[in-house]
Amino acid sequence: MRHKGSGGGIGRRGLVASAAGLVASLLVTGDATGLTGAATKKDRSPGDGKPRGGRRAEDFRGMWLATVTNRDWPSRPGLPPADQRAELIALLDRAVERRLNVVMLQVRPSADALWPSPYEPWAQCLTGVQGKDPGWDPLGTAVEEAHRRGLELHAWFNPYRVAMHDDPSRLAERHPARRNPDWVVPYGGKLYYNPGVPQVRRFVQDAMLDAVRRYDIDAVHFDDYFYPYPLAGQVFDDDDAFAAHGAGFPDRAAWRRDNIDRLVRETSERIKDMKPKVRFGISPFGIWRNSTSDPLGSDTGGLQTYDDLHADTRKWIKERWIDYVVPQLYWHIGFGAADYTTLVPWWCDVVRGTGVHLYVGEALYRAGDPTAPAPWQDAAELSRHLTFARAHDQVLGHAFFGARDVVTDRIGAMARVVADHYPTPVRPPRT
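Residue numbers for the sequence shown, in the working numbering: 265 to 695.
Treat the hints with care, since some could be wrong.
Here are the simulated lysine-lysine pairs, BS3-like style, with alpha carbons at most 30 Å apart [to be verified]:
#1 454 / 579
#2 539 / 582
#3 536 / 579
#4 541 / 582
#5 396 / 454
#6 582 / 536
Please keep in mind that the hints were generated in silico from the structure rather than gathered at the bench. No experiment lies behind these values; they were computed from the predicted model shown.
Kindly produce the complete structure, drawing on both the sequences and the hints.
Okay, structure coming up:
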């Protein structure tokens, strides 16, 4: 997930705020990056945010808990194990207090792990030193403590990001990316595994599925990072991989989409073979394609996952490779380039009849952000989102980014959601 504190609305998590506060984001802003010329639409706010219609016996109420760059947890690297554990439990307790029922914990933030993985080093966010044993098992503890509180624990993985810098020598000495430099592509000041290398695809699956095998997690959860978000004037250098493996494709973009399709399909199959009850969900950027590019697309004007990230999110739903989808609809009601009230119905139409559950990703982190547009200064904006979505029968819940914002709740937007929509605890839907 990407964030940027400007203009009309950027988004979320994977590229999370560093100490300086940048959380590079959803690439649809009101004045610049990501726009393709959509006309401004009239604000179609559905009112005061209070719910309409009946309550659901089941409702997905999720919270993303990001660990990359210590965005949400731990508060800083190098805390004693007891303090890290106490902070984690406090976040789980806050989720319960807010009547949430699912926590998506980022357990593989940058090709490192929050459990004793035989494939990858311990995560840098724990101790400040990648590969250093933190002295406890964060994922094991998270699963146990979440379940003790009636919360589901979805293990959130980033498949291909290797580092938030581009210097391989800074990786742990025995990091797979150092041992296999031909797997890695520097891009935009970061390091990525190359999705076009078949050995990479198998390796990242093995690394992630180790957690499925060892822990009683409820779901595997991917974020929006597949091929990296495009940067002006920069090229993702996969020439050698395309030359070796791209025969038979009409162009490089089609080959790249096939690489990501294979990752999603194979991961789905392997999860079901290993533990059939473990679900598989993905939270993509909120626009598949704009209708100006494809008549099947949405009436929007922003970055497109199909074209720009080579992620055919609509196909994954239609093929039923995933159990749930959480599009990041991090824009306010009435935002011309990507209106919340345009995208919710579009995603409803995509999932209808597939059996894939639709949960809507919500930008809690934007509420009260002084750099966000005026609608985000209104504590009722998010509640209005849930009111609008409730009128669409395919929407089975929401997820909020991120945990830090659930705690701080700058202007009371989360408290308003709870008061208006979450009067009692409920269980999440089962796929």
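The hints, checked one at a time:
| no. | hint | result |
| --- | --- | --- |
| 1 | 454 / 579 | 29 Å, holds |
| 2 | 539 / 582 | 22 Å, holds |
| 3 | 536 / 579 | 19 Å, holds |
| 4 | 541 / 582 | 21 Å, holds |
| 5 | 396 / 454 | 22 Å, holds |
| 6 | 582 / 536 | 18 Å, holds |
Checked against the numbered hints above, the structure violates none of them.
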